Structures are given as structure tokens and as C-alpha cells.
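Asks: Chain order of the listed sequences is A and B.
Counting in this note's numbering, the first sequence runs from 57 upward without gaps.
Counting in this note's numbering, the second sequence runs from 495 upward without gaps.
Derived from the structure by calculation, the hints contain no laboratory data.
Just so we're clear, the structure is a prediction, and the values are computed from it rather than from any experiment.
Don't be surprised by glycine CBs; every beta carbon is placed ideally from N, CA and C.
Treat the hints loosely; a few may be bogus.
Derived, one-sided and incomplete: chain A residues facing chain B with beta-carbon distance under 8 Å [what the hints assert, rightly or not]: (1) 98; (2) 99; (3) 102; (4) 105; (5) 156; (6) 157.
Take a look at the letters that make up each chain.
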Amino acid sequence: GDSVTQMEGPVTLSEEAFLTINCTYTATGYPSLFWYVQYPGEGLQLLLKATKADDKGSNKGFEATYRKETTSFHLEKGSVQVSDSAVYFCALSERTGRRALTFGSGTRLQVQP
Amino acid sequence: IAGITQAPTSQILAAGRRMTLRCTQDMRHNAMYWYRQDLGLGLRLIHYSNTAGTTGKGEVPDGYSVSRANTDDFPLTLASAVPSQTSVYFCASSLTSSYNEQFFGPGTRLTVL
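Extracted from the complex, chain B is given alone in its bound form:
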């Protein structure tokens, strides 16, 4: 089934631990994005990638890193999790960075204790 998958669905993590959220799309989209959703704040962009091999910082990048080794995968890493990173994380993709209809994954609910 075409679309975006994210893993895990949910995770409880101790503060200070390292965590990687996975995102894979099979639509051959060039551009991919990571957002976090917090109540009352909508979705905020963490990092983005316009094409494989390139990444950029979004609105709230601190404490997160990404890589884009190929077209399909765009993992998000929390090097040392803190409670303020408790959130729902959504991965999204679009055909190109200039084709601005984005498709979203189902999300990962992360709780940092």
C-alpha cells in the first residue's frame, strides 16, 4: 500500500536515552519533513529534506538530528531525550519541494519521563 509509514506507533522513553523515529515512504517523493504536534501549538517543523543527501533546519530543530541517505527513508534522532520532547511526531512528504501538497504518516506518540 502506497504511503508513509512511521515506527514505532508509540514509545515511553527515559530522559537521557537516545531514540530514533523511523519514517519510510514508497511514493518516490523527493521532499520529506518532520513535524511535532503539541496541544494549542499546531504542528511545528523540526527538520526537512528537499532531496536525498540534503537536509535543513526547521522552526524547532534543537535536540534533533536527521539524515537522508536515500529517497525513501528519513529517520529522526533524539540524541539525549528530555521531557520537553514529549509530543506526537509526524513525518510528511511531497513530490518535490515546490509541489506543496504534503502527505502525512500516522504519527509516533513519544513520552519522555
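One chain only, chain A, in its complex shape:
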């Protein structure tokens, strides 16, 4: 079945550091890919998405590129802020069938001033 693998956390960075959170996936079809963010005590919010190969999703300074050849969707940000501290989830959705999201286990990011 489908699966998503994320790097283990927590990831601890200083403010203004460069962020990469790795995400790879396994899918039988040609999925859409997502990054969701969960701030403390809140539900998940969509951060960015990409629906086809080589698409780049971007939002709030975060970017991720859909790489079909490496089945990856790594999240990057050039300069993190303390307010970016949260848990980040990579997810995929198949284009047929149930179409529900399959999530990775989440990566906690802690940004220190």
C-alpha cells in the first residue's frame, strides 16, 4: 500500500538557519503531495501542495518540489523563524479510489532565538 517516510525529529535550529525536512513516498499510482503543519494545540493546516512531477509548491517562505524520479518531496526554507516551531507532516493522496490522505509520522521543528 501507499506510505510516506519522513526524517526523525526533533529538528532543532537557530533562528535564520536553513531548513530541510526530508520526505519520500511509495505509491501505486501518481499521487498528489502535501505538507501540513500543526502548531501546538491546534489542528493541521495545509502548508503547500504539488499535483504533478516537477511542480514546486510554496507558501510562507517554504518550498517543496515533486520529484517523481526520486519519489521525494523535501520541505525547505531559507531562513526559519521562532514562529515556525511546529510539527510538519508530509502526506500523499491518490487520484483514484479512497483519495484520503496518507501521512508520514511527522517531524517536530524547534527554532531557538
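Given the coordinates of chain A, assemble chain B onto it according to the supplied hints.
Replies: Then chain B, alone, in the frame of chain A:
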């Protein structure tokens, strides 16, 4: 305010008791989902509904049931709670099952003793 509401916010429940978690959305979304979030496992799909009157099983459906009598409401019922159902439960919706951006509620934290 448009969005998804869940009730209760949190609940402590004795094992063997019946419990219904409520979820209501006012966005006129056709598709709705229930996930559980457990540490280190990300979010896992319990049940889903592509449209009012239909439901389907997700990845971890055992011990849970759902109904979808109308577009707005999607309650999740634990017929006889067990400690392994201690988790945070998130309801989500999307415009249609093929429009795969999902919007999440704030969650219900359930503890079964």
C-alpha cells in the same frame, strides 16, 4: 465563522462506555474524514464519507462506526471504548473526494481508562 468544529475538546472515558465524537462543517464539503493521531505514527484514517449517505472504512476502522445523514455532520462512535483508543481524533473535509485539499478541525483529545 466557516470551518469545522469538533466536540468535545477533550474527554476522559471509562473503558466499556459508549462515546460519540461530533464533527460539523459549514463549508458544504461533500467529503469528510476521521483520523486518529498517535505519537510516532502520524495520522491514520479511521472512516471516510465521499458524500452524504455513504461511508467507507479506512486504515484502522475496528471499534469505530460513523454515519452521514446529511452533508454537514459526520459523528464518530466508539461503541465500547478500550484503552488503545486513547488518542487525539481529527475530523477533516474536502470539497469533493477528488479535490484532495483537506481542512481539519481542532481535534478531540480522548483518554480511555
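Asks: If a hint holds in the structure, say so; if it doesn't, say that too.
Replies: Here is how each hint holds up against the structure:
no., hint, result
1, 98, "6 Å, holds"
2, 99, "4 Å, holds"
3, 102, "6 Å, holds"
4, 105, "7 Å, holds"
5, 156, "5 Å, holds"
6, 157, "6 Å, holds"
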